[in-house]
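Per our numbering, the sequence shown starts with residue 1, numbered consecutively.
Source of the hints: derived by calculation from the structure; they are not laboratory data.
Take these hints with a grain of salt, some might be off.
The calculated lysine-lysine pairs, modelled on DSSO-like cross-linking and capped at a C-alpha distance of 27 angstroms, are [what the hints assert, rightly or not]:
{"#": "1", "residue 1": "K96", "residue 2": "K122"}
{"#": "2", "residue 1": "K48", "residue 2": "K110"}
{"#": "3", "residue 1": "K122", "residue 2": "K77"}
{"#": "4", "residue 1": "K77", "residue 2": "K96"}
{"#": "5", "residue 1": "K48", "residue 2": "K59"}
{"#": "6", "residue 1": "K110", "residue 2": "K96"}
{"#": "7", "residue 1": "K54", "residue 2": "K93"}
{"#": "8", "residue 1": "K110", "residue 2": "K54"}
{"#": "9", "residue 1": "K64", "residue 2": "K34"}
{"#": "10", "residue 1": "K48", "residue 2": "K77"}
{"#": "11", "residue 1": "K64", "residue 2": "K110"}
{"#": "12", "residue 1": "K64", "residue 2": "K48"}
What follows is a list of derived Cβ distance ranges for each label pair [said to hold, decoys possible]:
{"#": "13", "residue 1": "K93", "residue 2": "G65", "range": "26 to 32 angstroms"}
{"#": "14", "residue 1": "N45", "residue 2": "G114", "range": "25 to 31 angstroms"}
{"#": "15", "residue 1": "E90", "residue 2": "T70", "range": "27 to 33 angstroms"}
{"#": "16", "residue 1": "S67", "residue 2": "H40", "range": "17 to 23 angstroms"}
{"#": "17", "residue 1": "P80", "residue 2": "N102", "range": "18 to 24 angstroms"}
{"#": "18", "residue 1": "K77", "residue 2": "F42", "range": "14 to 20 angstroms"}
{"#": "19", "residue 1": "E69", "residue 2": "E112", "range": "25 to 31 angstroms"}
{"#": "20", "residue 1": "G65", "residue 2": "D104", "range": "29 to 35 angstroms"}
{"#": "21", "residue 1": "K64", "residue 2": "E111", "range": "19 to 25 angstroms"}
Bear in mind that the values here come from a model prediction, so they are computed numbers and not experimental data.
Just so you know, even glycine gets a beta-carbon here, dropped at the ideal spot from N, CA and C.
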Amino acid sequence: MEQLSLFGDIEPRKEEKVEVKPQEITSSVPTMAKSLLPYHEFILNEVKAGLSVKQICQKLINEKGLSSETYSQGTPKLYPQLMIYLSHQENVKLDKIDPNGNGDFIDYQKEESGRKFDAIFKVL
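Make a model of the complete structure from these sequences and hints.
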């Protein structure tokens, strides 16, 4: 039943729209990276193709129209979001990293921490 207001028009009850998204995707993705959820299939296909994270960033910028802003050293601002997004996917794991930024990828070891200039993930 709608309630009448003495100070304005009748406002109909607002019904909230609830989007149903696959639980396994949305529950594990941090807020910072949730903007990439609409591109989930695109990203997974590029990971399957063996592209690096920076290459996937470029494809998202060029083909999907995402922001092309970069940091002062030229890394897309999308890069950390995509790294976080991929690292929180249950069916994807970090496989190789470029620790020096020269394009030479080495196998990722869990005990390695520190800066990764680029990375390659693989779908399990």
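Results of checking the hints against the structure:
1. As the CA atoms of K96 and K122 are separated by approximately 9 angstroms, the hinted pair is consistent with the 27 angstroms bound.
2. This hinted pair checks out: K48 and K110 have alpha carbons roughly 21 angstroms apart, not beyond 27 angstroms.
3. The suggested pairing of K122 with K77 holds, with an alpha-carbon distance near 22 angstroms, which does not exceed 27 angstroms.
4. Distance check on the hinted pair: K77 and K96 sit about 21 angstroms apart at the alpha-carbon level, within 27 angstroms; holds.
5. Of the pairs offered as hints, the one joining K48 and K59 holds, with about 14 angstroms between alpha carbons and a cut-off of 27 angstroms not exceeded.
6. For a cut-off of 27 angstroms, the pair hint linking K110 to K96 stands: about 11 angstroms separates their Cα positions.
7. For the hint pairing K54 with K93, the CA-to-CA distance comes to about 16 angstroms; that is within 27 angstroms, so the pair holds.
8. A distance of roughly 21 angstroms separates the Cα atoms of K110 and K54; the hinted pair therefore holds under the 27 angstroms criterion.
9. Simply put, K64 and K34 have alpha-carbon atoms about 16 angstroms apart, close enough for the 27 angstroms limit, and the pair holds.
10. At roughly 23 angstroms between alpha-carbon atoms, K48 and K77 fall within 27 angstroms of each other, so this suggested pair holds.
11. Only pairs whose Cα atoms come within 27 angstroms are accepted, and K64 paired with K110 is rejected, the gap being roughly 32 angstroms.
12. In summary, the hint linking K64 to K48 is supported, as the alpha carbons are separated by about 18 angstroms, within the 27 angstroms threshold.
13. Here the CB-CB span from K93 to G65 is close to 28 angstroms, well matched to the stated 26 to 32 angstroms.
14. One distance hint, 25 to 31 angstroms for the beta-carbon pair N45 and G114, holds here, with the actual separation near 29 angstroms.
15. At roughly 30 angstroms, the beta carbons of E90 and T70 sit within the given window of 27 to 33 angstroms.
16. Against the hinted window of 17 to 23 angstroms, the Cβ-Cβ separation of S67 and H40 comes to about 18 angstroms, which satisfies the hint.
17. Checking the proposed 18 to 24 angstroms range against P80 and N102 shows it holds: the Cβ atoms sit about 20 angstroms from each other.
18. Restraint check, K77 to F42: a C-beta distance of roughly 19 angstroms satisfies the suggested window 14 to 20 angstroms.
19. Look at E69 against E112: about 28 angstroms separates their beta carbons, and that is inside 25 to 31 angstroms.
20. A C-beta distance of roughly 31 angstroms is found between G65 and D104, which places it inside the suggested range of 29 to 35 angstroms.
21. Between K64 and E111 the Cβ separation comes to about 35 angstroms, which falls outside the hinted range of 19 to 25 angstroms.
The structure does not agree with the numbered hints 11, 21 stated previously, though it agrees with the rest.
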